[in-house]
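Asks: Chains as they are written, first to last, in the numbering used here: chain A, 635 to 898; chain B, 635 to 898; chain C, 635 to 898; chain D, 635 to 898.
Don't read these hints as lab results, they were simulated from the structure.
There could be a bad hint or two in this list.
Copies of the same chain look alike in the list, so a pair counts if it fits in one copy or across any two.
With a straight-line Cα cutoff of 30 Å, these simulated DSS-like cross-link-like pairs (lysine-lysine) come out [claimed, not checked]:
1. K893 - K821
2. K684 - K652
3. K761 - K821
4. K719 - K821
5. K652 - K724
6. K676 - K719
7. K893 - K683
8. K684 - K861
9. K698 - K861
10. K676 - K861
11. K861 - K652
12. K724 - K821
13. K762 - K676
14. K761 - K676
15. K821 - K652
16. K676 - K821
17. K861 - K893
18. K762 - K698
19. K684 - K893
All values reported here derive from a predicted model rather than from experimental measurement.
There are 4 protein chains.
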Amino acid sequence: MLQEHNCSIVRSDHFTDKTCWMLFLRICFTGATTEVHRDLHKALQVQAKKFQMHYMLEQAEQRKNIAILVSRNSHCLYDLLIRHKQGELKANISIVLSNHPELRDIADFFGIPFRCIAQPDGSEQDKKRRMEDILEDAYREFNLDLFVLARYMQILSDDFCQRHSDHTINIHHSFLPAFIGGRAYHKAFERGVKVIGATAHYTTASLDDGPIIEQDVRRISHSDSVKDMVREGRDLERVVLARAVRWHLENRVIIHENKTIVFI
Amino acid sequence: MLQEHNCSIVRSDHFTDKTCWMLFLRICFTGATTEVHRDLHKALQVQAKKFQMHYMLEQAEQRKNIAILVSRNSHCLYDLLIRHKQGELKANISIVLSNHPELRDIADFFGIPFRCIAQPDGSEQDKKRRMEDILEDAYREFNLDLFVLARYMQILSDDFCQRHSDHTINIHHSFLPAFIGGRAYHKAFERGVKVIGATAHYTTASLDDGPIIEQDVRRISHSDSVKDMVREGRDLERVVLARAVRWHLENRVIIHENKTIVFI
Amino acid sequence: MLQEHNCSIVRSDHFTDKTCWMLFLRICFTGATTEVHRDLHKALQVQAKKFQMHYMLEQAEQRKNIAILVSRNSHCLYDLLIRHKQGELKANISIVLSNHPELRDIADFFGIPFRCIAQPDGSEQDKKRRMEDILEDAYREFNLDLFVLARYMQILSDDFCQRHSDHTINIHHSFLPAFIGGRAYHKAFERGVKVIGATAHYTTASLDDGPIIEQDVRRISHSDSVKDMVREGRDLERVVLARAVRWHLENRVIIHENKTIVFI
Amino acid sequence: MLQEHNCSIVRSDHFTDKTCWMLFLRICFTGATTEVHRDLHKALQVQAKKFQMHYMLEQAEQRKNIAILVSRNSHCLYDLLIRHKQGELKANISIVLSNHPELRDIADFFGIPFRCIAQPDGSEQDKKRRMEDILEDAYREFNLDLFVLARYMQILSDDFCQRHSDHTINIHHSFLPAFIGGRAYHKAFERGVKVIGATAHYTTASLDDGPIIEQDVRRISHSDSVKDMVREGRDLERVVLARAVRWHLENRVIIHENKTIVFI
Numbered sequence: 635m636l637q638e639h640n641c642s643i644v645r646s647d648h649f650t651d652k653t654c655w656m657l658f659l660r661i662c663f664t665g666a667t668t669e670v671h672r673d674l675h676k677a678l679q680v681q682a683k684k685f686q687m688h689y690m691l692e693q694a695e696q697r698k699n700i701a702i703l704v705s706r707n708s709h710c711l712y713d714l715l716i717r718h719k720q721g722e723l724k725a726n727i728s729i730v731l732s733n734h735p736e737l738r739d740i741a742d743f744f745g746i747p748f749r750c751i752a753q754p755d756g757s758e759q760d761k762k763r764r765m766e767d768i769l770e771d772a773y774r775e776f777n778l779d780l781f782v783l784a785r786y787m788q789i790l791s792d793d794f795c796q797r798h799s800d801h802t803i804n805i806h807h808s809f810l811p812a813f814i815g816g817r818a819y820h821k822a823f824e825r826g827v828k829v830i831g832a833t834a835h836y837t838t839a840s841l842d843d844g845p846i847i848e849q850d851v852r853r854i855s856h857s858d859s860v861k862d863m864v865r866e867g868r869d870l871e872r873v874v875l876a877r878a879v880r881w882h883l884e885n886r887v888i889i890h891e892n893k894t895i896v897f898i
Numbered sequence: 635m636l637q638e639h640n641c642s643i644v645r646s647d648h649f650t651d652k653t654c655w656m657l658f659l660r661i662c663f664t665g666a667t668t669e670v671h672r673d674l675h676k677a678l679q680v681q682a683k684k685f686q687m688h689y690m691l692e693q694a695e696q697r698k699n700i701a702i703l704v705s706r707n708s709h710c711l712y713d714l715l716i717r718h719k720q721g722e723l724k725a726n727i728s729i730v731l732s733n734h735p736e737l738r739d740i741a742d743f744f745g746i747p748f749r750c751i752a753q754p755d756g757s758e759q760d761k762k763r764r765m766e767d768i769l770e771d772a773y774r775e776f777n778l779d780l781f782v783l784a785r786y787m788q789i790l791s792d793d794f795c796q797r798h799s800d801h802t803i804n805i806h807h808s809f810l811p812a813f814i815g816g817r818a819y820h821k822a823f824e825r826g827v828k829v830i831g832a833t834a835h836y837t838t839a840s841l842d843d844g845p846i847i848e849q850d851v852r853r854i855s856h857s858d859s860v861k862d863m864v865r866e867g868r869d870l871e872r873v874v875l876a877r878a879v880r881w882h883l884e885n886r887v888i889i890h891e892n893k894t895i896v897f898i
Numbered sequence: 635m636l637q638e639h640n641c642s643i644v645r646s647d648h649f650t651d652k653t654c655w656m657l658f659l660r661i662c663f664t665g666a667t668t669e670v671h672r673d674l675h676k677a678l679q680v681q682a683k684k685f686q687m688h689y690m691l692e693q694a695e696q697r698k699n700i701a702i703l704v705s706r707n708s709h710c711l712y713d714l715l716i717r718h719k720q721g722e723l724k725a726n727i728s729i730v731l732s733n734h735p736e737l738r739d740i741a742d743f744f745g746i747p748f749r750c751i752a753q754p755d756g757s758e759q760d761k762k763r764r765m766e767d768i769l770e771d772a773y774r775e776f777n778l779d780l781f782v783l784a785r786y787m788q789i790l791s792d793d794f795c796q797r798h799s800d801h802t803i804n805i806h807h808s809f810l811p812a813f814i815g816g817r818a819y820h821k822a823f824e825r826g827v828k829v830i831g832a833t834a835h836y837t838t839a840s841l842d843d844g845p846i847i848e849q850d851v852r853r854i855s856h857s858d859s860v861k862d863m864v865r866e867g868r869d870l871e872r873v874v875l876a877r878a879v880r881w882h883l884e885n886r887v888i889i890h891e892n893k894t895i896v897f898i
Numbered sequence: 635m636l637q638e639h640n641c642s643i644v645r646s647d648h649f650t651d652k653t654c655w656m657l658f659l660r661i662c663f664t665g666a667t668t669e670v671h672r673d674l675h676k677a678l679q680v681q682a683k684k685f686q687m688h689y690m691l692e693q694a695e696q697r698k699n700i701a702i703l704v705s706r707n708s709h710c711l712y713d714l715l716i717r718h719k720q721g722e723l724k725a726n727i728s729i730v731l732s733n734h735p736e737l738r739d740i741a742d743f744f745g746i747p748f749r750c751i752a753q754p755d756g757s758e759q760d761k762k763r764r765m766e767d768i769l770e771d772a773y774r775e776f777n778l779d780l781f782v783l784a785r786y787m788q789i790l791s792d793d794f795c796q797r798h799s800d801h802t803i804n805i806h807h808s809f810l811p812a813f814i815g816g817r818a819y820h821k822a823f824e825r826g827v828k829v830i831g832a833t834a835h836y837t838t839a840s841l842d843d844g845p846i847i848e849q850d851v852r853r854i855s856h857s858d859s860v861k862d863m864v865r866e867g868r869d870l871e872r873v874v875l876a877r878a879v880r881w882h883l884e885n886r887v888i889i890h891e892n893k894t895i896v897f898i
């Protein structure tokens, strides 16, 4: 099919999941005009129906629109904005959204709009609902493709997660499934582990239980305090989150049930 | 005190635990005759009483007696016996104890006595009790200093753990506290983690919850099956266990509550 | 072509080298009878000629014949024999060849023939020639597919390298291209590096300069002596060599000029 | 001595270099008033003379003055300024010096003075001399304790190196001693290595040959282009440089001949 249209495959990846005998393919090709693209879409639709297959056809040069959600911790925000400026992340960073005003200056410096979504009044549940309404508004306004939770520190509602699960990436400050929830470094310190980690995953309604995209770790010793772990952890978190976001933006990640296939 | 006896410090390590303001010291010195050793013991006893201090005075050249406990998996047994033969582990391996006869040939090849402790008859509890009686007998017979559970695959009784906790090292096939208990690689596969690990720890009555001595990890991907993880895990397990055993033998590990201080 | 013969692709890998615009493909498929295999060979020959393409068609279940070359260091030999016994390495280990008699017992224990190729008399050049003649004899006698230099400690002649370069794997005890040649850990110690490594590569006439298959490293510190490095290095060497050998046996490695493409 | 002055040791490290039988000690203590500090200085001077010993007595809370030297690459500059702002680096960043004007905005944003030292006219040697004169002026003006070459891309003169060797830290984009000099990622790509690295070291007159403080590596594969290596390398460089600078600022590094002792 690609051959007929004079397209050249520059890379292809293939994975057969032997637990369910499903086949996952990622094919990168060049030479597709808009017309070819439309024809391929049609042809794939037919094939997909015939073989009970899912497909996605994307143009690599088409930049995704992303929103970065933060609270008060700046390290992941800095990191993503710097990488974006250096051309590592092929995306439009449409907006930075935060439940605190502190990081506005950073967004300003990099020329990215910043919106504080803090809700001063109301019950916790009410405030959460109104904050998520703002997220939903931004989603429509900027035609967002991806939410990046760059140490956002808020648990999203089940409703929100269900709607946005496959395009919301969170960074958790432990090697999941160890140390789910808050105060992960404190828990690691108390358990006396010799390795700390960070995990980037898609968010689901079940806390810290979504499909894992990337994890990395660092050795620590008895002499490392919680403060030392937090410092080392910052290095882990930013690298792990950035990789996950980059792979997502480059359409390298396929979610299948509660796991990911990542064609690096 | 050491100076008076013409001893030279060749290494010292020092750690202040700021959560409880306890001080941990390890001092290596040369030049102590048997007489000096005895005098130091006396002097330390007095000091220890005065300052509510614990101390241990060991002779580095004094080899500890160890028993290796195995089941059917051979990789950790091979590894320990090879390292022992190459002079990496300064210890007498007094005996290999197993609840299965399969690994006898390996012990034979390395010239280490092998004892099968399998109990064909009786209730599970009864069999466990009798097996642990044999372990206790070996403990006395060989004047053992350390039990190494090299993939022993049996859960020890609370009684046994309480008596031997600070000189029984287990290797667990996950980065604890993730994936406690059996089938750790299966659980890792199901969770879709991107990193697998192994943990060496002192055994306590609470399963896989004892003080951690060493951990290490390896990256995996979506394409790794449970079988692949088991293979990669073998490399992790043997290295992590060997490090923990070596450090214990060299008196580098101090247990404090449910953690370890490891002076590497 | 595969479809016509009712073969199913279970995995495919693809790499386009953009420096020379060459395409490298590895396709694993099931369902090929002997007849299909023969037909595919014919068809591929025609295609290969037409497109100036190289191809290799192998049966995964066909075990390669390998010879392991050693000197006095046993750790890599043990490691390969244990992995072989555990089913990690799908190959026939036809013979262990050594310029020293010390490791015979190990080969015996694992039931692998051992041949000492030491030459007591003659000039160095003469001895080398005669030793390599024995290697050549073994190559024919056992229909060898691979020489594994498991710390062989002898430099092979240019002639030998040229004949066997693409099926001779060596393990070098540094992260090449640092510390080429002998005494690599001594050189690492003198330079004061904070990381040591090991490299598995195909041998070429130019010392330690052949295509690299795999490398790995470990952190060290100022307190590690050469002896400590040697000990840590053994762990690196055996893992790195085993991976390279396994990948070669599974036809995952393609040599292109002085580099490798490794489809892991 | 410390006991007499009511000082408490909170940490001590000890290393005996067995190649030269020299002893290296680092002792951290609390409770020293200015008077005690002065007394200790005097006492140590006497002892140092007596035992041919070198010593350094520093106040941990005394912040060192540092200058960051850059060219056009921003990643290490960003990283150091962010860490400084987050309190990871206990120092005064007195000035950013650059042979290009591009990074001025970054220094401005973080409120650090920026000085462009580019010399438009003159011979190469002449320009270098005048640039180094500006560095020397800054050294005196700000009472500098440390030059950090954060991808400065200029080779310093032998004279400059000799004067400032033990307080000038450079980040090199390879695991030294592999790939000395420029274009290290290109060289790594051409050699086909499977691991890339970065090295922080004190600068000496001999290019990339000074005492190594820290190194780290990352796995790469055949599919990584030079551009991919540069991207991955940025992550390595900034982490490795930041660790080396932090350790230097915390007086954890002792230079001995062409090596470092790092008490982490």
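Asks: Now, for every hint given, state plainly whether the structure supports it.
Replies: Outcome of the hint check:
1. K893 - K821: both (25 Å within a copy, 13 Å between copies)
2. K684 - K652: Within. Shortest intra-copy distance 22 Å satisfies the 30 Å Cα cut-off; inter-copy 36 Å does not.
3. K761 - K821: within (29 Å within a copy, 38 Å between copies)
4. K719 - K821: between (35 Å within a copy, 27 Å between copies)
5. K652 - K724: between (33 Å within a copy, 21 Å between copies)
6. K676 - K719: neither (37 Å within a copy, 53 Å between copies)
7. K893 - K683: within (24 Å within a copy, 43 Å between copies)
8. K684 - K861: Classified as neither: same-chain Cα gap 57 Å, cross-chain 34 Å, threshold 30 Å.
9. K698 - K861: Result: close only across copies, 22 Å inter versus 36 Å intra.
10. K676 - K861: neither (56 Å within a copy, 36 Å between copies)
11. K861 - K652: between (44 Å within a copy, 12 Å between copies)
12. K724 - K821: between (36 Å within a copy, 27 Å between copies)
13. K762 - K676: neither (42 Å within a copy, 64 Å between copies)
14. K761 - K676: For K761 and K676, the Cα distance exceeds 30 Å both inside one copy (45 Å) and across copies (64 Å).
15. K821 - K652: So K821 and K652 pass the 30 Å test across copies only (17 Å; inside, 36 Å).
16. K676 - K821: neither (52 Å within a copy, 41 Å between copies)
17. K861 - K893: between (32 Å within a copy, 18 Å between copies)
18. K762 - K698: within (26 Å within a copy, 45 Å between copies)
19. K684 - K893: within (26 Å within a copy, 43 Å between copies)
Checked against the numbered hints above, the structure breaks hints 6, 8, 10, 13, 14, 16 and satisfies the rest.
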